[in-house]
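**Q** Which chain is which? The protein sequence lines are D and L, in order.
Position 278 (the first sequence) corresponds to 278 in this note's numbering; numbering is contiguous.
Position 181 (the second sequence) corresponds to 181 in this note's numbering; numbering is contiguous.
It is possible that part of the hints are untrue.
Here are the simulated distance ranges between beta carbons [stated by the list, open to error]:
| id | chain 1 | residue 1 | chain 2 | residue 2 | range |
| --- | --- | --- | --- | --- | --- |
| 1 | L | R199 | D | D79 | 33 to 43 Å |
| 2 | D | R310 | L | R244 | 39 to 49 Å |
| 3 | D | F75 | L | R199 | 38 to 48 Å |
| 4 | L | F75 | D | D297 | 41 to 51 Å |
| 5 | L | R199 | D | D167 | 36 to 46 Å |
| 6 | D | R94 | L | P329 | 46 to 56 Å |
| 7 | L | E86 | D | E89 | 45 to 55 Å |
| 8 | D | F75 | L | R82 | 47 to 57 Å |
| 9 | D | R94 | L | P348 | 51 to 61 Å |
Think of the hints as simulated: they come from the structure by calculation, not from any bench.
Fair warning: this is a prediction, and the values are worked out from it, not measured in the lab.
Just so you know, even glycine gets a beta-carbon here, dropped at the ideal spot from N, CA and C.
Number of protein chains: 2
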Amino acid sequence: MPVQLDLNIIARYAHGCAVLGTGGGGDIRIPLMIAQAALAECGPVAVIRPEELADDALVLPVGGWGAPTVCIEKFDSGDEGRLLCEAAERWFQRPVAALMASEIGGGNGVQLVSWCARLGLPLIDADGMGRAFPEGDMCTMHIAGVSPAPAFFADERGNVMTTHPIDALWHERIARHLVLVSGGVIAGADHPMDAATVRSATIPDTVSLALAIGEALERDGVDGVLAVAGGRRLVTGKVVDVERLTSGGFARGVVTVEGTGVDAERVVSIQVQNENLIASESGRTIACTPDLITIVDAGTGEAISTERIRYGQRVTVLGMPCADVWRTPKGLEIAGPERFGYDGPWVPIEEAGL
Amino acid sequence: MPVQLDLNIIARYAHGCAVLGTGGGGDIRIPLMIAQAALAECGPVAVIRPEELADDALVLPVGGWGAPTVCIEKFDSGDEGRLLCEAAERWFQRPVAALMASEIGGGNGVQLVSWCARLGLPLIDADGMGRAFPEGDMCTMHIAGVSPAPAFFADERGNVMTTHPIDALWHERIARHLVLVSGGVIAGADHPMDAATVRSATIPDTVSLALAIGEALERDGVDGVLAVAGGRRLVTGKVVDVERLTSGGFARGVVTVEGTGVDAERVVSIQVQNENLIASESGRTIACTPDLITIVDAGTGEAISTERIRYGQRVTVLGMPCADVWRTPKGLEIAGPERFGYDGPWVPIEEAGL
Chain D
1 MPVQLDLNII ARYAHGCAVL GTGGGGDIRI PLMIAQAALA ECGPVAVIRP
51 EELADDALVL PVGGWGAPTV CIEKFDSGDE GRLLCEAAER WFQRPVAALM
101 ASEIGGGNGV QLVSWCARLG LPLIDADGMG RAFPEGDMCT MHIAGVSPAP
151 AFFADERGNV MTTHPIDALW HERIARHLVL VSGGVIAGAD HPMDAATVRS
201 ATIPDTVSLA LAIGEALERD GVDGVLAVAG GRRLVTGKVV DVERLTSGGF
251 ARGVVTVEGT GVDAERVVSI QVQNENLIAS ESGRTIACTP DLITIVDAGT
301 GEAISTERIR YGQRVTVLGM PCADVWRTPK GLEIAGPERF GYDGPWVPIE
351 EAGL
Chain L
1 MPVQLDLNII ARYAHGCAVL GTGGGGDIRI PLMIAQAALA ECGPVAVIRP
51 EELADDALVL PVGGWGAPTV CIEKFDSGDE GRLLCEAAER WFQRPVAALM
101 ASEIGGGNGV QLVSWCARLG LPLIDADGMG RAFPEGDMCT MHIAGVSPAP
151 AFFADERGNV MTTHPIDALW HERIARHLVL VSGGVIAGAD HPMDAATVRS
201 ATIPDTVSLA LAIGEALERD GVDGVLAVAG GRRLVTGKVV DVERLTSGGF
251 ARGVVTVEGT GVDAERVVSI QVQNENLIAS ESGRTIACTP DLITIVDAGT
301 GEAISTERIR YGQRVTVLGM PCADVWRTPK GLEIAGPERF GYDGPWVPIE
351 EAGL
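One chain only, chain D, in its complex shape (with noise of 0.2 Å):
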């Protein structure tokens, strides 16, 4: 476990953060760039176990909401962060002790480190999702029974609001309605616990384990990831047409990568959702939520976002498995192929497509 992240290691931490993204949690690149400004500024961030925090210590989950193709034209004021502490500490009349990832995956990850640098806060080493996923509810808070309420929402403008939604269903909508105003994203905290619940309602190590994916990904490029992570090249080639649609706050779309070299004569398609959700090939399922789907660099293993996604890119295709928790029944209710939309059931990605 890195005991903080500072200028040396935040961006192999970022980019490990992208590969866990699954194309979604947003882009890194603008939160990397406000986390570096931030660690400069401010010093390093320590990342610690929730069992170093006392059981009542409040930690409070953050993230952005919306489409991440909004992230990347509209940026974050780098206030947000406090604006939703002290939305917290108003709420529960406490301090908030730690801040941690809603979701490891892509710009989810590395947004928080610089407010938790300007504010002086730990950063928890888990996090809710182990990957990304696009809607609220999908994530393992939801699976142990915490509320998502109250929930807090601010914006770069400084717009703040909590809401108290009746059910995770309700909770989405809300959010959902609160991207809309604030023109396509907000940042985000919910599903408030105290260090105690994180124990049991988080998936551990993730901060370490995004680090650890970049650090092997900077020295053995995809073969480096694919040792710490787990799981197998999809397919190695070039994106030959991408289907891009933001509708309803969410960043949708098809990619088609068509195989060179060994894979020459495969075409695989990507069914997107802010996220990578389903690779298939020949209508066959090759990889399937709620286990990870990366599109990365074919020469840098560097892990491509949903949005930068284009035409002509040489790309390799990775299908890994996500935590254990996504492979229980709850687990995959939620974040399943069905929850999506598409034919099940879900196999295993050490199975499909074999």
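With chain D held as given, fit chain L onto it using these hints.
**A** Chain L alone, transformed into the frame defined by chain D:
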């Protein structure tokens, strides 16, 4: 000033609110039934002047947001007032001392009587409009520079939202999205104030005014209303056309009245955006917001709300002077004809069309 609202006078009060509603503020029928049930169960509601409260007592202006056309199909749960007060008390960490109508007009002047009854809270003899207006910043608190934030919203399902918008424009935008996610209407509280501020930032004695109008209406019909409220008959005739559109959370339209009797050959059309905003005849404005334009039943004198206007009704259209505060430059900027996209300048009802 009435010392309390009870079952004997609540219907008269509600009919007075309907006259002040200028077609909007929501239909009074359902709120009246809900208020009657609450008064029967919990006893009368004390009506007090803000002077009767300690300077720092917390007063919560409340009302419904959204399209009145939806209010007559989607009912309140009755619990919204409690949820709004709880949210405000959590924010301010002190008890709500009294409720005030954000707008006295229509159902919004009546709805909160049931909340006062159930919560044992007094009702302030004042409001923020002296009538009804379609948007949240069209209130005297806004003129007085009182912040709309924090604002509180609750729907009939139990979803509760607290917002802290940066200004009145964002308050309106965020509230309008909460109206939409809630299905067209939502209960809200904004511009929370201490009692000292209420004394200078509201229109006093409007609960008394509504009751006086309702009593005069019962006694002397339209003549009684005009004797209390001032103003004059604009036309008496038949509704010959109603254009209606519910869009963006508003009820919009045009009502056309063809004169009968002494008004034969006259045609008056009324532009509506939740409220009746402009009355014109042969292209000439004969009454105009912020003055009050209310369509009443030609027989009984009872006000007809926007969503109940229909072809064939025999009606009298009344034009009545607004509160003085609306006739100031700031008042006209906020609620004059130009604000709604109509040609100005505003001409007082005492002179318009004569």
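**Q** For each hint, tell me whether it holds in the structure or not.
**A** Hint by hint, here is what the structure shows:
1. L:R199 <-> D:D79: 33 to 43 Å: 36 Å, holds
2. D:R310 <-> L:R244: 39 to 49 Å: Holds - the Cβ-Cβ distance for R310 (chain D) and R244 (chain L), about 47 Å, lies within 39 to 49 Å.
3. D:F75 <-> L:R199: 38 to 48 Å: At roughly 44 Å between Cβ atoms, R199 (chain L) and F75 (chain D) fall inside 38 to 48 Å, so the hint holds.
4. L:F75 <-> D:D297: 41 to 51 Å: Violated - the Cβ-Cβ distance for F75 (chain L) and D297 (chain D), about 57 Å, lies outside 41 to 51 Å.
5. L:R199 <-> D:D167: 36 to 46 Å: Given a distance of about 42 Å, which is inside 36 to 46 Å, the answer is holds.
6. D:R94 <-> L:P329: 46 to 56 Å: 47 Å, holds
7. L:E86 <-> D:E89: 45 to 55 Å: This hint is violated: roughly 19 Å between Cβ atoms.
8. D:F75 <-> L:R82: 47 to 57 Å: 40 Å, violated
9. D:R94 <-> L:P348: 51 to 61 Å: 55 Å, holds
Hint check: violations occur at hints 4, 7, 8; the rest are consistent with the structure.
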